[in-house]
Amino acid sequence: MNYKQFKKMKVLTASFVSATVAIAVVYNNIILALAGVLIGMLFLFLVRKKAKAVLVDERIQTISGLAARLAYVILTITIAFLSLVFIMIGRKSVPPQASLEVLGVTLSYIALLSLALYSLSYKFFSNKYGETDDEQD
Amino acid sequence: MTNKIKVYRAMRDMTQEQLACKVGVTRQTIIAIEKNKYIPSLELAFKIAGVFSETVENIFQHQQ
Numbered sequence: 001m002n003y004k005q006f007k008k009m010k011v012l013t014a015s016f017v018s019a020t021v022a023i024a025v026v027y028n029n030i031i032l033a034l035a036g037v038l039i040g041m042l043f044l045f046l047v048r049k050k051a052k053a054v055l056v057d058e059r060i061q062t063i064s065g066l067a068a069r070l071a072y073v074i075l076t077i078t079i080a081f082l083s084l085v086f087i088m089i090g091r092k093s094v095p096p097q098a099s100l101e102v103l104g105v106t107l108s109y110i111a112l113l114s115l116a117l118y119s120l121s122y123k124f125f126s127n128k129y130g131e132t133d134d135e136q137d
Numbered sequence: 001m002t003n004k005i006k007v008y009r010a011m012r013d014m015t016q017e018q019l020a021c022k023v024g025v026t027r028q029t030i031i032a033i034e035k036n037k038y039i040p041s042l043e044l045a046f047k048i049a050g051v052f053s054e055t056v057e058n059i060f061q062h063q064q
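Just so you know, the sequences run in chain order A and B. Anchor point for the first sequence: position 31 equals 31 in this note's numbering, and the numbering is continuous, going up by one each time. Anchor point for the second sequence: position 28 equals 28 in this note's numbering, and the numbering is continuous, going up by one each time.
Think of the hints as simulated: they come from the structure by calculation, not from any bench. Small disclaimer: the values here were computed from a predicted structure and weren't measured. Virtual Cβ for every residue (Gly too), placed ideally from N, Cα, C. Some clues are possibly wrong.
Claimed, not checked - If you anchor each label on the Cβ, the simulated ranges turn out as follows:
(1) A:53 x B:11: 24 to 30 Å
(2) A:84 x B:15: 33 to 39 Å
(3) A:44 x B:21: 20 to 26 Å
(4) B:53 x A:119: 43 to 49 Å
(5) B:62 x A:5: 34 to 40 Å
(6) B:12 x A:58: 22 to 28 Å
(7) A:119 x B:13: 48 to 54 Å
(8) A:99 x B:36: 50 to 56 Å
(9) A:25 x B:12: 51 to 57 Å
(10) A:5 x B:14: 56 to 62 Å
All chains, full assembly: derive it from the sequences and hints.
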């Protein structure tokens, strides 16, 4: 199996998982959703194991890193913004809507968790790739 | 950064797939390098130069 075939497999698996989860949501069946996701993951794992061709190289890793960073920035900013909006709406509405405020606070905690995870993983990789303040002569 | 991978490949009658296999990357990466859309790491540049038994400077040229 070459990289192109692997990409097709990935798209097919993603379509299968999406369809299964959509059907599971319609029928309100969490087991079907979980089964779909697990089957998809297992299938891709087996395909990766069986494939002899190179499926991931430095260019793909670079692209993945850039895409992940962009997704992280967009998602974190969006969640932080939404949390502020929900907190403000919850407090200013008459009568005050505690549920909206709770949702806003929860979202802000998720944004904070995301920032904390980023900081920790940055620190980890920074140490791994030798960023240090020690000067060497 | 420019490179002469296509020229050296043609001289040795080698396909992109064969070169990709020899240096352990996908064919898409070789295409991207040949089109100057992706600058390879130093390690990959050395591997590519090694396949052609040339020095890195002969294959890759840096333009200011």
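Tested hints:
1. A:53 x B:11: 24 to 30 Å: With a Cβ separation near 25 Å, residue 53 (chain A) and residue 11 (chain B) satisfy 24 to 30 Å, so the hint holds.
2. A:84 x B:15: 33 to 39 Å: violated (55 Å)
3. A:44 x B:21: 20 to 26 Å: Cβ of residue 44 (chain A) to Cβ of residue 21 (chain B): about 23 Å, so the range 20 to 26 Å holds.
4. B:53 x A:119: 43 to 49 Å: Given about 46 Å between the Cβ atoms, the range holds.
5. B:62 x A:5: 34 to 40 Å: holds (36 Å)
6. B:12 x A:58: 22 to 28 Å: holds (23 Å)
7. A:119 x B:13: 48 to 54 Å: Check passed, 52 Å falls within 48 to 54 Å.
8. A:99 x B:36: 50 to 56 Å: Holds, since residue 99 (chain A) and residue 36 (chain B) (Cβ atoms, about 55 Å apart) stay within the stated range.
9. A:25 x B:12: 51 to 57 Å: Distance hint for residue 25 (chain A), residue 12 (chain B) holds at roughly 55 Å.
10. A:5 x B:14: 56 to 62 Å: violated (22 Å)
When the structure is compared with the earlier hints, violations turn up for hints 2 and 10 and for no others.
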